[in-house]
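Could you put together the complete structure from these sequences and hints?
First to last, the sequence lines map onto chains A and B. Position one of the first sequence corresponds to residue 2 (our numbering), numbered consecutively onward. Position one of the second sequence corresponds to residue 546 (our numbering), numbered consecutively onward.
Incorrect hints may appear among the rest.
Stated by the list, open to error - Lysine to any residue pairs mimicking SDA-like chemistry, simulated, CA-CA at most 20 Å apart: (1) A:K113 - B:K609; (2) B:K628 - A:H41; (3) B:K609 - B:K628; (4) A:K113 - B:K628; (5) B:K628 - A:V44; (6) B:K561 - A:K188; (7) B:K561 - A:A39; (8) A:K188 - A:V226; (9) B:K561 - B:G603; (10) B:K561 - A:A178; (11) A:K113 - B:K561; (12) B:K609 - A:N114; (13) B:K561 - A:W37.
By construction, these hints were calculated from the structure, which means they are not laboratory data. Computed from a prediction, not measured in an experiment: that's the story for all the values here.
Single-letter residue listing:
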Amino acid sequence: MAHLYPCESVSLRGFTFSDLPKATLQGKVYAMESNWAADHLQVIRTLMERSAVYRRALAPVMTYNGTLGVAAAALGCVLKISAPVSFVLFWAGIGVVALGGSYCLVRRQALKNSEPFWSPPTRRVTEAFLPPLVAGFIVAIAVFFHTRSAPQPPGGVMDLLWLPLAWVVLYGCALHAAGFFMPRGMKFFGWAFVLGGCALFGLGIPDWAPRPVCAHGIMGFFFGVLHLAYGLYLYFTEEGKNAA
Amino acid sequence: MNPEPYLQLDRVIHEKGRLAIMSMLAASPELSFTELRDALGMTDGNLTTHIRTLQETGYVSVSKSYQNRRPLTTCSLTPAGRKAFSGYVNLLEQIVRQNRPK
Chain A
2 MAHLYPCESV SLRGFTFSDL PKATLQGKVY AMESNWAADH LQVIRTLMER
52 SAVYRRALAP VMTYNGTLGV AAAALGCVLK ISAPVSFVLF WAGIGVVALG
102 GSYCLVRRQA LKNSEPFWSP PTRRVTEAFL PPLVAGFIVA IAVFFHTRSA
152 PQPPGGVMDL LWLPLAWVVL YGCALHAAGF FMPRGMKFFG WAFVLGGCAL
202 FGLGIPDWAP RPVCAHGIMG FFFGVLHLAY GLYLYFTEEG KNAA
Chain B
546 MNPEPYLQLD RVIHEKGRLA IMSMLAASPE LSFTELRDAL GMTDGNLTTH
596 IRTLQETGYV SVSKSYQNRR PLTTCSLTPA GRKAFSGYVN LLEQIVRQNR
646 PK
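Below, the structure is given as structure tokens:
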């Protein structure tokens, strides 16, 4: 093994001490710089964390999903989608478009940088994302079939107030879980969904608000406005760091 | 003060740029050249030089392939590299412990 400090003589601030006992002098010199080893360990820790962090195309993905969310909410209001089955189908379709678009954006960046798409950080983030997303999907399927087969289907979307809010909270859980392998802000973003969803659960829906508009508004705010805001924030803060 | 741990530090790993490369690779099974370059903010030439040094020491293995008709260079730690990095970190921890005020 090669050694860093062979030290035939020891130099300190321009002075060379070749006559003193080597071990004694080295000990004193290194004791004066006792923090460098701790600093090195901190650098190693930071780099290892950064290595395992997923950063690919976050800003474009967030901006895309935000724009899509806002547009979908507006479309839902304009088309007056108020039946639970239609609501589930509409937003499930938007979810598929969002996933497909995100996949294309991430893949495009991977190709552009000559990187493997299915990199270890991508795999870890996907694995963290999946359980809450699958839970949301199963809940949507259950609602879809239950409301179709129920003898007296609920009258409107807001009879299923809990559904968009459950999606919001589950999505927040997914973001928070993935945040362990992504930049730190992602965890806070996840908390915003979880706490916002729970707060709306607690507050309920005001009587004056048109109920379908309110349901689409919840989806538009959380899946649209918040994504858009975070995407813009990333554009200004993470520019140039979009490598996986 | 026992100077022994200082003397055992691996000079190949101890250099700032190579330490950064080894740290990144220690946390991932493999990383592409571009991933390393972008994450560490190194120039192509600088990174190539350091990787070549680590490769010659037997700490890093480099594989070249093609993905979508584009060349892809990936780097990973060899077992010897992982062992050397682990030994290096252990020595640093030993030094920190040694210098901690009692």
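Okay, the hints, checked on the actual structure:
Restraint check for K113 of chain A and K609 of chain B: satisfied, since their Cα atoms lie roughly 17 Å apart, inside the 20 Å limit. With a C-alpha separation of about 18 Å, the suggested pairing of K628 of chain B with H41 of chain A holds against the 20 Å cut-off. For the hint linking K609 of chain B to K628 of chain B, the alpha-carbon distance of about 24 Å lies beyond 20 Å, and the restraint is violated. Taken as a hint, the K113 of chain A and K628 of chain B pair is broken in the structure, with Cα atoms around 34 Å apart against an allowance of 20 Å.
With a CA separation close to 19 Å, the supplied pair K628 of chain B and V44 of chain A stays within the 20 Å bound. Restraint check for K561 of chain B and K188 of chain A: not satisfied, since their Cα atoms lie roughly 31 Å apart, outside the 20 Å limit. The suggested pairing of K561 of chain B with A39 of chain A holds, with an alpha-carbon distance near 14 Å, which does not exceed 20 Å. Between K188 of chain A and V226 of chain A, the direct Cα distance comes to roughly 17 Å. Compliance with the 20 Å bound is thereby established for this hinted pair.
A distance of roughly 18 Å separates the Cα atoms of K561 of chain B and G603 of chain B; the hinted pair therefore holds under the 20 Å criterion. Using a Cα cut-off of 20 Å, the hinted pair K561 of chain B and A178 of chain A is violated, with the two alpha carbons roughly 33 Å apart. Restraint check for K113 of chain A and K561 of chain B: not satisfied, since their Cα atoms lie roughly 29 Å apart, outside the 20 Å limit. Only pairs whose Cα atoms come within 20 Å are accepted, and K609 of chain B paired with N114 of chain A is accepted, the gap being roughly 15 Å.
This hinted pair checks out: K561 of chain B and W37 of chain A have alpha carbons roughly 12 Å apart, not beyond 20 Å.
Of the numbered hints listed earlier, those contradicted by the structure are 3, 4, 6, 10 and 11.
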